[in-house]
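Novice: Spelled out, the chains give:
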Amino acid sequence: MFEIKNLHVNISEVEKKIISGINLKINPGEVHAIMGPNGSGKSTLSYTLSGKEGYEIEKGDIELDGESILDDEPDERAAKGIFLAFQYPIEIPGVGNLSFIRTALNSQRKFNGKDELNPAEFLKILREKADFLNVDMEMLKRPLNVGFSGGEKKRNEILQMALLEPRFCILDETDSGLDVDAMKQVSKGVNFLRSENRSFLIITHYQRLLNYIKPDFVHIMAKGKIIKTGGPELALEVENQGYTHLLN
Amino acid sequence: MSELKLEAKEGIDQQTINSVKSLGESYKYGFTTDIDMEYAPKGLSEEIVKLISKKNDEPVWMLNWRLEAYKRWVKMDEPNWPMLNYKGIDYNDQYYYAKPKSLEKKPKSLDEVEPALLETYAKLGIPLKEQEFLAGVIGAENNMDTKPKKVAVDAVFDSVSVGTTFKDELEKLGIIFCSISEAIKLYPDLVKKYIGTVVPRTDNYFATLNSAVFSDGSFVYIPEGVKCPMELSTYFRINAENTGQFERTLIIADKKSYVSYLEGCTAPMRDTHQLHAAVVELVVLDEANIKYSTVQNWYPGDENGKGGIYNFVTKRADCRGVNSKVMWTQIETGSAVTWKYPSCILRGDNSQGEFYSVAIANNYQQADTGTKMIHLGKGTRSRIVSKGISAGKAQNTYRGLVNIHPKAANSRNFTQCDSLLIGNKCGAHTVPYIENKNNSSRTEHEATTSKIDDDQLFYCLQRGINEEDAVALIINGFCKEVLQALPMEFALEAQKLVAISLEGSVG
Chain X
1 MFEIKNLHVN
11 ISEVEKKIIS
21 GINLKINPGE
31 VHAIMGPNGS
41 GKSTLSYTLS
51 GKEGYEIEKG
61 DIELDGESIL
71 DDEPDERAAK
81 GIFLAFQYPI
91 EIPGVGNLSF
101 IRTALNSQRK
111 FNGKDELNPA
121 EFLKILREKA
131 DFLNVDMEML
141 KRPLNVGFSG
151 GEKKRNEILQ
161 MALLEPRFCI
171 LDETDSGLDV
181 DAMKQVSKGV
191 NFLRSENRSF
201 LIITHYQRLL
211 NYIKPDFVHI
221 MAKGKIIKTG
231 GPELALEVEN
241 QGYTHLLN
Chain R
1001 MSELKLEAKE
1011 GIDQQTINSV
1021 KSLGESYKYG
1031 FTTDIDMEYA
1041 PKGLSEEIVK
1051 LISKKNDEPV
1061 WMLNWRLEAY
1071 KRWVKMDEPN
1081 WPMLNYKGID
1091 YNDQYYYAKP
1101 KSLEKKPKSL
1111 DEVEPALLET
1121 YAKLGIPLKE
1131 QEFLAGVIGA
1141 ENNMDTKPKK
1151 VAVDAVFDSV
1161 SVGTTFKDEL
1171 EKLGIIFCSI
1181 SEAIKLYPDL
1191 VKKYIGTVVP
1201 RTDNYFATLN
1211 SAVFSDGSFV
1221 YIPEGVKCPM
1231 ELSTYFRINA
1241 ENTGQFERTL
1251 IIADKKSYVS
1261 YLEGCTAPMR
1271 DTHQLHAAVV
1281 ELVVLDEANI
1291 KYSTVQNWYP
1301 GDENGKGGIY
1311 NFVTKRADCR
1321 GVNSKVMWTQ
1331 IETGSAVTWK
1341 YPSCILRGDN
1351 SQGEFYSVAI
1361 ANNYQQADTG
1371 TKMIHLGKGT
1381 RSRIVSKGIS
1391 AGKAQNTYRG
1401 LVNIHPKAAN
1411 SRNFTQCDSL
1421 LIGNKCGAHT
1431 VPYIENKNNS
1441 SRTEHEATTS
1451 KIDDDQLFYC
1461 LQRGINEEDA
1471 VALIINGFCK
1481 EVLQALPMEF
1491 ALEAQKLVAI
1501 SLEGSVG
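Residue numbers (this note's numbering), protein chains in the order written: chain X, 1 to 248; chain R, 1001 to 1507.
So here's chain X without its partners, still in its complex pose (with noise of 0.2 angstroms):
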């Protein structure tokens, strides 16, 4: 269970408040969406769930079956079960697709006490998560999001979310600069992820993407605040009379 109890963050290089007293819990298997307006604070909140540098905790907590999490690292943070899909995935130069993966999903086994996987392992798990979400050899071969059209890269993150699977998955905007295929595909790489032990955040401006993976609580965030809670009929609401009758 994820549960994030109280939470005030600012970001330390302004020193402006983004989030003020969030609280939501989020059980196992549960796919939670996060809509709002620009600036409401959806992607501190997403940064400071995996522990960016920079996010300053003023008070509150976050919890990972019951244990705090705020003194974790991200990459064990990460290890521990959290994913974040980025919203713009980072590109590395000259770092093969193919081994970044593996070098992170190999840091993961280790960090949890299990064997690292080799490359012929590695490969043979990595080829049907690969062939399930269109992701070709080629693709995997190329350096890290180097060159990647905006639908590469967000299947990229769907299958770095495959493989390293995680408990814990935070989808930041994966729907922006997606085209309608694309969106299908990769909505279809999370539903497949769905399980009765993962549970989602889902970050996103719009309804549309709710249309294809279908939340079982929809929050409005604004003003980092949450300020209403519903069911998918409320992302419905928004995309008809957007959120300024919310927001009043």
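If you're looking for bench data, these hints aren't it; they were derived computationally from the structure. These numbers were taken from a predicted model, which means no experiment stands behind them. Beta carbons: idealized from backbone N, C-alpha and C, even for Gly. Any given hint could be a false lead.
[Unchecked claim] Calculated pairs, DSS-like style, for lysine-lysine (alpha carbon to alpha carbon, straight line, at most 25 angstroms):
#	chain 1	residue 1	chain 2	residue 2
1	R	Lys1451	X	Lys52
2	X	Lys59	X	Lys16
3	R	Lys1050	R	Lys1192
4	X	Lys52	R	Lys1425
5	X	Lys52	X	Lys5
6	R	Lys1050	R	Lys1087
[What the hints assert, rightly or not] Which bits of chain R does chain X cover? Going by a derived footprint, with three or more residues having C-beta under 8 angstroms, they are:
#	region
7	1453–1466
8	1474–1486
Using the hints provided, position chain R relative to the given structure of chain X.
Specialist: For chain R alone, coordinates are given in the frame of chain X:
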């Protein structure tokens, strides 16, 4: 199996990361071998030059050649133009000749070499037995290419060559691979014909010093039409204290021949600076091809800048023949001070020169390195790829010259200089000189300077890769183009070295 092979060529992988970790200390070659040495008296004089010549049992012409150099040297001044800041070198507080006593009489075979010496090389991972080994001097186990490879080694310990492997097998093809002191005695005509013709005795302060006092080094001759079937490699080890190493290497690739040559260097950790001033001359005749790779890992000094090797090296290739080709690849991770510009004189029409360099400076290391591409022939081409990485309080300078002569019609140069900074107390400098005197010739220059990007680091961390590994990953990505230019056997070793050199530089 094709994917498997590809995986081996991909950037750093987990095994690499693990082996870097397992190394523990940051400089693993810092041990000293306790061995009975014979020294020439400290200091430099005509007498010392004569002594070195006598020790090597040299003919008179060689002695005279040295003495001419010495006379010239005493009138020269140490260059002050590099972006290097070091205490003056006391040339009279050095030993110019140090030789293990057991090598008084050159051993006939490696079986006769003193065990302590053999152990030193074993400890360094250098194969002095004539064995086929799986690719990679050290850490071969993670290479997928299981075809056994041979590497012939000439091992130079302080001032003398300990031995050369695979000599007989090479001789059958007419290839000469031996120490230069041997070559002077056995092949005087070849040596006489070529020595000093690429780097003249009067070339520069350090080259002239070397010409006077060089004690040993390697000699290679590849006959016409022969493709050398194995990597040739020389391994330089400075062991004795307060001793300079002045090796001289001469490689001649006759018409239509090919050779790939690699040199490696290490030294013990010592508090005092030690001088290394080498000269390398490459002669490339018609349609010949030399690939020369260096993995330079002299002791860099400690994290406070104490000790370390002063590395002043003159390396030059003369592409005399038409369609001849030279490729310099260097991984410069060691030394307190590096001053080195492996260059190409592109004299033959359509000759080609390439220079691939990774220079890493950490802590208080200083590097001033680059290349010179002198285009004299028509249709000559050159390519420069330089990757400078600075960390700690280090200073790293790329200094290069591209000169296209008025007669070098239709010539091309491409230069790319990338600098990467880690932390905010180091510096990167790029000093390119480009002189194009022919209208039909073109030069291109690209340069970038960047810092290790926080977003890249965070992306790696978020996937569960720890910070140290993430830095190694990003750096190896940055250097990949150069690392790939190394012979496959050494690329993995170089990758590890790159990571080790930067250990502790982030955070």
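Novice: Determine for every hint whether it applies to the structure shown.
Specialist: Hints, verified against the model:
1. With a C-alpha separation of about 18 angstroms, the suggested pair Lys1451 (chain R) and Lys52 (chain X) falls inside the 25 angstroms cut-off, and the hint holds.
2. With a C-alpha separation of about 14 angstroms, the suggested pairing of Lys59 (chain X) with Lys16 (chain X) holds against the 25 angstroms cut-off.
3. Restraint check for Lys1050 (chain R) and Lys1192 (chain R): the C-alpha separation of about 19 angstroms stays at or below 25 angstroms, so the hint holds.
4. Annotation: proposed proximity of Lys52 (chain X) to Lys1425 (chain R) holds, straight-line Cα distance about 24 angstroms (limit 25 angstroms).
5. Using a Cα cut-off of 25 angstroms, the hinted pair Lys52 (chain X) and Lys5 (chain X) holds, with the two alpha carbons roughly 18 angstroms apart.
6. Pair hint Lys1050 (chain R) plus Lys1087 (chain R) does not hold up; C-alpha atoms about 29 angstroms apart against a cutoff of 25 angstroms.
7. Chain X is given as covering the region 1453–1466 of chain R, and this holds because 13 residues of the stretch bring a CB closer than 8 angstroms to a CB of that chain, at least three being needed.
8. Under the rule that three or more residues need a Cβ within less than 8 angstroms of chain X, the assignment of the region 1474–1486 of chain R holds, with 7 such residues.
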